[in-house]
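A.B. asks: Chain residues, written in single-letter form:
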Amino acid sequence: MEGLAYLAAGLGAGMAVIGGGYGIGRLADAAMHGTARQPSASNDIRTTMIIAAALIEGVTLFAEVVCILLAFK
Amino acid sequence: MVAEHASEAANMGQQVGHMILHHITNGSEMELPWVTDVTHKVHLPHIPAFEVLGVTIDMSITRHVVMMLLAAFLLILMAVLIRRKIALVPKGFTSMVESFVLFIRDDVAKTTMGAEAARRYTPYLCTTFFFILTCNLLGLVPYGATATSNVSVTAALAFMSFLMIQGAGMRKMGVFGYFKHLIPPGVPWWLAPVMFVVELMGVFAKPFALCIRLFANMVAGHVVILSLIGLIFVMSVWVFPVSVGFGVFMYLLEIFVALLQAYIFTMLTSLFIGLLVVGEH
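Order-wise, the sequence lines are chains A and B.
When we follow the numbering used here, the leftmost residue of the first sequence carries the number 1, and every step to the right adds one.
When we follow the numbering used here, the leftmost residue of the second sequence carries the number 1, and every step to the right adds one.
Hints were generated in silico from the structure; no laboratory data involved.
Heads up, a few of these hints could be off.
To be verified - So the derived list for chain B, only partly shown, Cβ under 8 Å to chain A, looks like this:
1. ALA209
2. ARG213
3. ASN217
4. ALA220
5. VAL224
6. LEU259
7. LEU260
8. MET267
Said to hold, decoys possible - The calculated label-pair distances, taken between Cβ atoms and stated as ranges, are:
9. ASN11/B - LYS73/A: 51 to 61 Å
10. LYS73/A - VAL2/B: 50 to 60 Å
11. LEU32/B - ALA36/A: 49 to 59 Å
12. THR48/A - VAL89/B: 46 to 56 Å
13. VAL244/B - PHE62/A: 24 to 34 Å
14. PHE93/B - GLY10/A: 39 to 49 Å
15. GLY19/A - GLY17/B: 36 to 46 Å
16. ALA205/B - MET1/A: 49 to 59 Å
17. SER40/A - PHE73/B: 29 to 39 Å
18. PHE179/B - PHE62/A: 20 to 30 Å
19. VAL55/B - LYS73/A: 39 to 49 Å
Beta carbons are placed, not taken as given, at the ideal position from N, Cα and C, and that holds for glycine.
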C-alpha cells in the first residue's frame, strides 16, 4: 500500500507541472505580443512577466512540496 | 539475475535517497573544507531544549544556523567595508553594493510605495533582500548548506514581513481603521461578514505563500542536482556526461533562481506594504 503513495507523488508532481508550464507559457506568449506591439515598453513588460512567472511558479511549487512530503513519508 | 539487479538498484536507490535527504535537511554535524577525512565531522553544540509556556524550544546550533550566522557576518563585514568609502562618486565594491541598494530603493520601493513611504521601509527591504540573497548563494558554495531551504527559516522571514505589512497598515490607518479597510467599499451589508473573512484569509495567505515559494524554490534546485548525480549510482556509471552536463546547467539556473527569489520576496513584501500605505487605484 505504500507504493500508492509513491504513485500519487509522481502523478501529482507531473500534473502540477502541466498546469504551471501551460500558465507560464501563456504568460510568455502575452509578453511577446506586448513587446512586439510596443518595443519601448519591453522593460516594464519584462519586469511584470518575471513577477507573474514567479507567482505562478510559487503555486506549482506548493503542489511539489506536497508530493515530496508524500514520497518521503 | 534480473531480480538481483533490481534489488541491487533498489538498495542503491535507497542510499541515494538517504544522501539527498542528508544534504537537504538540517543536521548537527558539519563537514569542513580543510578536513579531508570524510568521517571527521564537526559536531555542533547541542543546547538542550527548554520549555517556554508549554512550547519546546530547541536552540542548538545546527548547520543552517551556522549558515545564517555566516550570512549575517558577511553582511556586517560588507557594511563595515563600505562605510568609509561612501562618496558622491563611488568606485569598485562600493559601487556594486550601491547599485543594488539603489535598485531596491528606486525600482522596488518607490514604484510600489511612493517616495515618502519608501524612505521609511527601504532599510527593511534592503535587509531582507541582502540576507535572502546571501543565504541562497551560500548554499551553492561547496560545503555550504542553504539556510533558506529550511521551512523554519523562510517561515521566520515571512513572519517578519507579515509584521512589517500589518504594522505599515495599522500605522497608516489606525488599528481599527485597518480592520475596517478589510471590508471593500460598496458591498451590501449582508455580504460584509463573508468578505471580511475572505480578506482576513488573504492577509494570512500572502505571507504563507512567500514562505512556501522561497522554501520550495531553494529545495527543488538542490534536489534536482543531487538526483541527477545520484542517477550515476543507480544506473550505470556511463550516464555521467548527461548527469554532469545537466547538473552544471541546473547549477547555473540555481544561481539565477537564487537572485530571482530574493528579488521576488522583497518585491512582494514591498507590493503588499504599498497596497496598504498608498491604496489601490
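A.B. asks: Indicate, hint by hint, whether the structure satisfies it.
C.D. replies: Each hint tested on the structure:
no.	hint	verdict
1	ALA209	holds, 6 Å
2	ARG213	holds, 4 Å
3	ASN217	holds, 6 Å
4	ALA220	holds, 6 Å
5	VAL224	violated, 11 Å
6	LEU259	violated, 11 Å
7	LEU260	holds, 6 Å
8	MET267	holds, 6 Å
9	ASN11/B - LYS73/A: 51 to 61 Å	violated, 21 Å
10	LYS73/A - VAL2/B: 50 to 60 Å	violated, 30 Å
11	LEU32/B - ALA36/A: 49 to 59 Å	holds, 53 Å
12	THR48/A - VAL89/B: 46 to 56 Å	violated, 33 Å
13	VAL244/B - PHE62/A: 24 to 34 Å	holds, 31 Å
14	PHE93/B - GLY10/A: 39 to 49 Å	holds, 47 Å
15	GLY19/A - GLY17/B: 36 to 46 Å	violated, 27 Å
16	ALA205/B - MET1/A: 49 to 59 Å	violated, 33 Å
17	SER40/A - PHE73/B: 29 to 39 Å	violated, 44 Å
18	PHE179/B - PHE62/A: 20 to 30 Å	holds, 28 Å
19	VAL55/B - LYS73/A: 39 to 49 Å	violated, 24 Å
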